[in-house]
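Asks: Build out the structure end to end from the sequences listed, making use of the hints.
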Amino acid sequence: MQEWANQLCENRQFGSKMTDSKYFTTTKKGEIFELKAELNSDKKEKKKEAVKKVIASMTVGKDVSALFPDVVNCMQTDNLELKKLVYLYLMNYAKSQPDMAIMAVNTFVKDCEDPNPLIRALAVRTMGCIRVDKITEYLCEPLRKCLKDEDPYVRKTAAVCVAKLHDINAQLVEDQGFLDTLKDLISDSNPMVVANAVAALSEIAESHPNSNLLDLNPQTINKLLTALNECTEWGQIFILDCLANYTPRDDRESQSICERVTPRLSHANSAVVLSAVKVLMKFMEMLPKDLDYYGTLLKKLAPPLVTLLSAEPELQYVALRNINLIVQRRPEILKHEMKVFFVKYNDPIYVKLEKLDIMIRLASQANIAQVLAELKEYATEVDVDFVRKAVRAIGRCAIKVEQSAERCVSTLLDLIQTKVNYVVQEAIVVIKDIFRKYPNKYESVIATLCENLDSLDEPEARAAMIWIVGEYAERIDNADELLESFLEGFHDESTQVQLQLLTGIVKLFLKKPTETQELVQQVLSLATQDSDNPDLRDRGYIYWRLLSTDPVAAKEVVLAEKPLISEETDLIEPTLLEELICHIGTLASVYHKPPSAFVEGSRGVQHKRLPGSAGSGESVDSPDTGSAAGVSEAPPAVIPSQGDLLGDLLNLDLTPPTTTGPPPPTSGMQMGAMDLLGGGLDSLLGGDLGGNPAMAAGFGAPPAVMPTSFNAPVSGGLDDLFDLGGGVGMPMGSYSPPKTVWLPAMKAKGLEISGTFARRSGVIQMEMTLTNKAMSVMTDFAIQFNRNSFGLAPAGPLQVLTPLSPNQSIEVSLPLNTVGPVMKMEPLNNLQVAVKNNIDVFYFSCQYPISMLFVEDGKMERQVFLATWKDIPNDNESQFQIKDCHLSSDAASNKLQGSNIFTIAKRTVEGQDMLYQSIKLTNGIWVLAELRVQAGNPNYTVSLKCRAPEVSQSVFQSYEAVLKN
Amino acid sequence: MIHSLFLINHTGDIFLEKHWKSVISRSVCDYFFEAKEKAGDPENVPPVLQTPHHYLITIYRGKLFLLSVIQTEVPPLFVIEFLHRVADTFQDYFGECSEGVIKDNVVTVYELLEEMLDNGFPLATESNVLKEMIKPPNILRSVVNTLTGSSNVGDTLPTGQLSNIPWRRAGVKYTNNEAYFDVIEEIDAILDKSGTTVFAEIQGVIEACVRLTGMPDLTLSFMNPRLLDDVSFHPCVRFKRWEAERVLSFIPPDGNFTLMTYHVSSQNLVAIPVYVKQSISFFESGSCGRLDITLGPKQTMGKMVEGLTVTIHMPKTVLSANLTATQGNYTYDLATKVLVWDIGKLNPQKLPNLKGSLSVQAGAPKPEENPSLNIGLKIQQLAISGLKVSRLDMYGEKYKPFKGVKYVTKAGKFQVRT
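Protein chains in written order, with this note's numbering: chain A, 1 to 965; chain B, 1001 to 1418.
Treat the hints with caution; some may be incorrect.
[What the hints assert, rightly or not] Here are the simulated distance ranges between beta carbons:
| id | chain 1 | residue 1 | chain 2 | residue 2 | range |
| --- | --- | --- | --- | --- | --- |
| 1 | A | 422 | B | 1219 | 56 to 62 Å |
| 2 | A | 422 | B | 1322 | 29 to 35 Å |
| 3 | B | 1335 | A | 60 | 28 to 34 Å |
[To be verified] Computed footprint of chain B on chain A, listed as stretches where at least three residues anywhere in the stretch have a Cβ under 8 Å from a Cβ of chain B:
| id | region |
| --- | --- |
| 4 | 161 to 171 |
| 5 | 372 to 382 |
| 6 | 589 to 596 |
Keep in mind the hints are simulated off the structure, nothing from the lab. Don't be surprised by glycine CBs; every beta carbon is placed ideally from N, CA and C.
Replies: Following this line, the structure appears as structure tokens:
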């Protein structure tokens, strides 16, 4: 008895030590050595324990790769657990020990024939995870068998394995015909196999944009819908996402798909629900609005969306980002559900901010009272970001729902009374917008605002306050004093405030000219003489000139009636919205950016668009940039930025002169600086001021520098013009295409980059115009390239020495070298670029003309040319036509030489000139060409021969571009 | 698809990593640490982060971060759902999802992760399928395994894996056949200062515990199914029958599972079981404040309210609380500034009251925000929405099972603003 108890006790101890943490407690010294000994032990149990120890070390990131041969030796076993553990190890380390991994191949191949389907599946699955080329060769045969295995569990595992193999060696998968087998699996009898096949094909399709892998037709759709009902929740997600890519033929098909998808809205898995919402939102577009079913569907969409909001906060966040899109597209779905977006005090901040955004979108006359009460509640919370946004939201409500404006204003005034600094500042910024929307209605509050003048320390609030003072100068007795107080620290202010101060004082001057001459002179001279900021200087000069030439015009321009502020701010631009609706549930929908803007390697992301709405759809579908021709590529789909409506407001004063204002005094321009001053001045002073000589002198002094700097804002445009003109700027230089917009501002938080490439005296230059279209200053620019076909890399850092102020542009020339890492791109001349500034990192891709890579010593010896031409097999020759080129052969030859395409010999046969030319690329590839020019025939023929024929297409494009420009 | 998974504790140590494709260096987590630093509170870390080459999708559960790395366009909800499923599985296997327990079972964890995801595609996430392939650890089995040399990895194909009902394994046998259903409702509500309901809704869930032999086919019907217009079901529920007849017809998984969740929206009137009379005020001078809270029954449908608690997050400047409670105890945690008043049962004859003074840090300005009250409560034998199960029928098997339904109502996110 005693003995029995003892033994039990021992077992207990044994048992309590059974946790895996013991695997971590090995002695430091000779740890690997000990494990090695244990792995080679004869005892099965000891072996297993040792492998477990190895795995445990691996999971925490220790390097146990030295044990590779010993672990692989344990593979031949009947014990499934041990086998699995060894497989786990192999997957992790095979890459670093490819030669050793080969030793495991035989066991894998044998296991793929095992009678137990679990082992067959496990083997094929593990083999796919070993990312070693040599192994993949052996994988093909077993995989082919497994794809046709009698057991569906094996088939579904094999389907995923095709995707794995494709990731390692795409060519192999295509050559072996696995893609077709995979397509056949869509018709498999087992729904799980179908789901996995769809998932695998979708993943493969992502790297093959144009292939017709998922060829969706009514038959396959039907199969997918059948599988949808029976497969796992994850499979349903894959199938739904795949369905969303289909475009139904007519509204009846659309309706029948919708009917079969709606049950998914009641799924417990939120990802299934959201994918179903995507399909429905998309196919709904095709349904006629008067159809009963359309109404039913709208009603069915609301509850599942609301339910998503009771899930975990992370799920809520993604759901809210998507609801934000849905609400913009179809506000009717959730218009009665305002209350579910009310904020709970312990919601995470990221959920709070999103809820607030949606509350404003849903605000309407019917619910505004509730919304305002809530917002006021939020404005007294603790979190600063949230409070600010709540205050801002009150302003947006006022602008959106006219009936509520008065209540909003009084709520804002209450908040200003709290004297909480950031609340006051935020309130003033939004009150400015309210003034814009309802001019001459709430000016009674100006006095209250002015009391808080001293507490404002944020540029945006200061600028807003100055705008208000300037705009209502005639009603504020001490407007000049107020503005003067700002003027003292003019140079310490941010540009935003400086610009506003300049405009504000000019407004004041035009309204009360007699008392404020001194002030206006002061600000004009501060802006034009003492400032380094071109925007400020230019605005100063414009005002100055306006005031000095035609004060009446100045009045018309500066005090012009402003267009009313739009009702909704921050709306997503409609075409982008349509695209994003097609991407509901994806990362794109979380970031509210089109997938092409940020998904790495999405060279071929097709712009999706909603069906049915053909009228507006046409413009959305910009051609896939990946396949567009190299040099003459269409600019990337630029969607006009609408985001900064609020920001633009303040600057509106500047725009009228160019559009609605009187034409600029061109004659004055030609007269030169001195004349200009004399002439205009009298008319200004004559009217209002009665010819005050001191004033005249004051106005006259600085513009000695004016003509030159007046050009400054235009210069950006002029440069572009020169570039467009091709040869004008640099007649003999290599061809450089005009600048195109590479990175639109809306994709990069206000940074716009346009650019081109040029080759100047042997150096490749990347020439860019950086434009700051955001409201804040940008600094700390840096640039990096992804690996690319010719190893292009920046030869130095991006030289942007001064910070880039809002609305400012800067031209940068970045010298490039070709010693960077190389990776073949598709198309060949594609370059992926990352640009960083103080705000974020942005990515874009552009294509460079391959002629940038033609080096100066590309002239081949005649003999060598002949020999090489013969040496290159005829298969590598490709022929192209250049149409409508009206140059003589000599002119063409000269022009081409400018771009380092050298003519070696010329022959004339039967009135046809044959030019033999050679080109050398930076990486040493030679391209030989024969250009046939027939007098009177505008069509040239180019034959290109090269050992690397993949460059021919790009080279030809360069020929065309050079000859035609 | 999901590329890698890192498990990170709340102090920021990565204690486990798993890669389903190529290995990604753990330095990718630095972006997450940066965001965590910025957010301050671990709850406030944004769940989706963008880095130059990857996306990081994170959930925060039980003081652990589950961070997944993805490289291509993947539905983020899919990833988040999956991560929660991983955490659920750990909980299911080890009783909790914590750093300690994961470290203790690291090999099982690793085997589980390998089984749950293949090349980033979910493979087996159903608890009963997993348990057939990888046996959950327990002391007895470890001992037996050690003595007999057998393993805790199943070597047959799980039966549920491929059938049309993957959630149920074949050959289930019980001596006592029983099916219990718990209808649990949580009230989410926001009441304003004056006690008016700003917003209220009910989150309901039916948790089932079914231990029945063979392949039973169950039908659960309700007295008032009209209440349920917003439902999500376990995959086992036949949706067509619900649409047509408003009954739940299903072949249940074996053991514990969530049959359905539902949501009674703010459109309907939601009964609020208690009212709260409160005043919390701080004085301009003298660095102190007063607090006076009384709770009373409102719409309790004649049932007893139990487990009543009030939790208040005080402003940072509140140093201590000197209060008297007529019923229950209160505690004030100085570090977290949380006041908890544990009341217990609500006696309608003698309403519980908490009253006294708060002392505020000397010289600090009067707190700007008023703290919200969080109410906790429980009412047995009542589903506050009025939902009632009328009957449960079983087809397909001959024996007579025990059946039972329990109702309970709880406070969910029940907040009173002051």
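Asks: Please go over all the hints and tell whether each is borne out by the structure.
Replies: Quick rundown of the hints versus the structure:
Evaluation of the 56 to 62 Å hint for residue 422(A) and residue 1219(B) yields a pass: the beta carbon distance comes to about 59 Å. Checked against the hint of 29 to 35 Å, the C-beta distance between residue 422(A) and residue 1322(B) comes to roughly 33 Å, which is consistent with it. Range check, residue 1335(B) to residue 60(A): Cβ separation about 32 Å, and the 28 to 34 Å hint holds. A count of 4 residues in the region 161 to 171 of chain A with a Cβ less than 8 Å from any Cβ of chain B is obtained; the coverage claim is therefore met, three being the minimum.
Counting residues of the region 372 to 382 of chain A whose beta-carbon sits less than 8 Å from any beta-carbon of chain B gives 6, enough to reach three: the coverage restraint holds. Coverage of a stretch by a chain is defined here by at least three residues with a beta carbon nearer than 8 Å to that chain's beta carbons; for the region 589 to 596 of chain A and chain B the count is 3, and the condition holds.
In summary, this structure violates none of the numbered hints.
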